[in-house]
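S.K.: We have chain L already, so just place chain D on it with the hints.
If you read the sequences in order, they're chains L and D.
If you read the first sequence in the numbering used here, its first letter stands for residue 1, the second for the next number, and so on.
If you read the second sequence in the numbering used here, its first letter stands for residue 420, the second for the next number, and so on.
Worth flagging that the hints you see were computed from the coordinates, not collected in a lab.
It is possible that some hints are incorrect.
Derived SDA-like pairs (lysine to any residue); straight-line CA-CA distance at most 25 angstroms [said to hold, decoys possible]:
#1 D:K596 to D:R556
#2 L:K235 to L:E301
#3 L:K210 to D:D776
#4 L:K126 to D:S698
#5 D:K686 to L:L85
#6 L:K91 to D:E719
#7 D:K919 to L:P166
#8 D:K686 to L:Q163
#9 L:K235 to L:R302
#10 L:K210 to D:D774
#11 D:K780 to L:R182
#12 L:K282 to L:C164
#13 D:K919 to L:R168
#14 D:K919 to D:S714
#15 L:K91 to D:R723
#16 L:K2 to L:V413
#17 D:K686 to L:D177
#18 L:K282 to L:L305
#19 D:K686 to L:H162
#20 L:K91 to D:R726
Residues on chain L that point at chain D, a partial pick, calculated with CB under 7 angstroms [to be verified]:
#21 V84
#22 V87
#23 D113
#24 T116
#25 L117
#26 A158
#27 E171
#28 F174
#29 R182
Ranges between beta-carbon positions, derived for each pair [claimed, not checked]:
#30 D:E611 to L:L85: 32 to 40 angstroms
#31 D:D804 to L:E185: 18 to 26 angstroms
#32 L:Q314 to D:Q775: 48 to 56 angstroms
Where a beta carbon is used, it is the ideal one built from N, C-alpha and C, also for glycine.
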Amino acid sequence: MKVLIVSLYHPELVRGGAQQVAYELFEGLRQREDVEPYLLASADHNSPALFKSGARITGFDGRPNEFLFLTQEYDYAWEKGANVLLVEAFKGFLELIRPDVVHFHHFLTFGIDLLTLTRRVLPEVKIVFTAHEFLAICPANGHMVRRTDASLCTRASAVRCHQCMPERPPEHYFMRDMWMRRHLEAVDVFTTPSHFMISHYTNWGLDESKFVHVTNGMRARGVTLPAASKTGARKRFGFFGQMVDAKGLHVLLEAVALLRVGGFTDFTVEINGDNIHFATPKRRAEIEAFLAAEAELPLAERNVLFNGSYHPDQLRARMARVDWVVVPSVWWEIFCLVISEAWSFGRPVIASNAGGPAERVRDGVDGMLFELGDARALADAMYRACTEDGLWDSLAAGITPPARQEEMVEGFVGVYETS
Amino acid sequence: MSNLLAVQQAEAFAPQGQKAPVFDEEVYLRLNPDVMLAVASGVFSSGREHYERYGRTEGRPVVAPPRGRVVLTGMPEVAAKQGHDLAGALDAIRVSSTGGIYVVGWVNDAQDRLDSVELRFAGWAVTFDAAAMARVRRPDAEAAIGNGTPHAYGFWGFLYAAQRLTAGACNVVLRLKSGAELTLSAHAEMAEDQDLRNIALGQLAQAPYLGNAYFAATAAVDGELGDQLLDFNRMLTRRAVNAPYVERFGLRRENYKASIIVCLYGKPEYLFLQQAMFSRHPAMRDYEFIYVSNSPEMAETLLREARRCALIYGLSVTLVLLSGNAGFGAANNVAAQHAASPRLIIMNPDVFPYDQDWAVKHEAVLEGMLEAQTRLFGVPLYYDDGSLMHAGMYFEADAMPSLTPGRRPETSILRVEHYGKGAPPETARFLRPRPVPAVTGAFISVARDWFEQLDGFTEDYIFGHYEDADLCLKSLEAGCAAWLHDVRLWHLEGKGSIRKPVHEGGSAVNRWLFTKTWGELVCAELLGPVPEHPALRAAAEEALA
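Next comes chain L alone, as it looks inside the complex:
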């Protein structure tokens, strides 16, 4: 069985969750004798040196079956490419490889209309589409968070989308909705890494029978780390991830401020992440001002430490410095790889009670959930984490090891093979 994995970026060129999953799937498929996998990952202006004159699709760094789709002139309003030569190249590539399965892990940078093209070029091919967020439904970055009041959105509509993005009239969003559905018609099977996503898509009108839940897996880690704190107190919290608004770092910092105001300062928070330049100016200013003020304090008075970004190889060391991992996301948070990473190192998670985290974290069993966006509720949970004897041990013991790469690959192969 020939399987073509279509990936938004190559994870070694541009890091991100969707491409990481796509690549790990590709690697996993390569281990199997019954599958001949191909990877077509997009590259754009982030990797200018990889563009070759006159080429639209090239190989990648001498690796067998790995190809780059050299995308350009992308139209974000309609999620389509503008360059006809790229369409011709994609068509030619399909005709050359003639896969049995084309597995799209995104349409971004390729164009959602390439789904329809794939069906037209290969009428019998099985088209699988893995949704990594809600971009087909929600033009506001696919987050389904209302820009009007930051509440979670449960229903897109022409007027509601216009309220979030008033620069275009309701008719545009009506049209975008039809445009997206039109191309998703070509898909045979949708997969999502979380169950709750399925209800979002079926509420939007897609056929529930076409959806399959396939969890994201991760490569096997080493061993569960011991809690390093010698006192037995579990009062060190860690934030891992991008410092963008949706990840809710501001909620965590506000919780820190609330704990201090309440006179409780016997705890630390370590921030591991970057990409603050993608945060909104308001949030960025808040976070940077907080961190700057923190850095001015005498060492003994500091509660928050900013460690900056980290390579996956550094994760173990960063995890070793914390007892708890906080996931204060203020959007649906599709799967939350950080939860898997925390669990793989035996760290219980304190997370917002929505989306993927709410589905995965069992409140009081392997972690704690707090009201999304509520800094007071997070402060309460952190206080409890620091002061309640035996809580950490109980929750750490409740952790189930996260799904491994092999489980994910099995799940997808099952999807490919099902008629």
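M.R.: Frame of chain L, contents of chain D only:
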């Protein structure tokens, strides 16, 4: 300046005891700078020529007044009054190389009405009759004059000379009914033809008027000004449709069940959006699309998108690219010439299938109904919010009494209304097949031979609006009423093209033209949602039977 004052002025400036002043060319030009300009630009061979032809009777000064003395040139209060009455200015004159002339300014004619505006260029001159000019408010002039009574001090005019003209220095004479004149010097600039059309139509749409703006704009074009704008627009239309670029995409067939003609303007994305949506149903393989573009600047994008669409959707697409904006009517007429089917469907770019099998239903209508009921028909169209947008059109007349002296006592202009606009989607009385006074140009299915027999769309309308109703009334007049059949589509009204103030100006002209053309027929037999026209009534009875 009045003749009386001019004579007094000339005599006052003459040296004492000398009845016939000695003419000094240099002094005359210095004292009359507008004449100096006119001589320099060749309108007159010399100051002397001007003086002999005009200057003497105008009372132009020929000698400088004595220094250090005030010389009365008339009764001071008369002179002050005359001077006040003659306040005015020329803001701009624009001339296009093909002979379009646009002039805008203001004059204080609250008491003594403007009679004409005369422009004298080197080698040519033109006079605008005040009756053929639009009058608009000028807040700046009102403030300066301080006359508490509102008055339209502003004026603008447009003429199409249909001959090559040049701009440059210009003497302007604002002449009032009493004969009083104000002479001004101005410099006219050249403008592109299309820009000139836009300037005039933009002025028509945006100028502040006394009273209701829409009526005032319609009243302004009623007569010579409207005719001149239409003439000029016809010339631009002819030019735009001349030798279009035509390219075909996708599989070609000998013939199709119907040719869908879509006129694009300003928004190229509707090409790929329509192709994506219409290609969902296999019946569309029997249809061809002909996109005609009124936006030359979109040519490259449209060519690229058509090629893309051929790869992804595979429908038959013909692109007809015009060199300018020919307007809706002419563009569709040109596109129709490239159709390869006996049935034309005129469709807006923002129309999409509401019934996915609309094409099957369309064919069923053609096969199942009487020929007279399908020769020209429209369909129910829906807003994106789900409510009905269109289920046929009817006519109303708006009347506005004019209190301006010298104007007609009442202005009446026709208005087009849609049956069922905003109604719940399943309102049966709007959806039932029936004859209607007209249908929207957003979707018209018409037998090609009938379309040609009617000479297609009337091309006189500027940009767009009213050609659809005009076509339906031509059909009605030729013996076949438009019908409405229940084949449903979306219509994102107004979103498929760009719209600027200049288009509102075009609409004002079109509404006037439509009223002029069809007002008598409509007011006699077609007014209101239940018209009395015998052809409609007979067709309705036939449908009921």
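S.K.: Would you list, in rising numerical order, the hints stated earlier that this structure does not obey?
M.R.: The structure conflicts with no hint, since it agrees with every one listed earlier.
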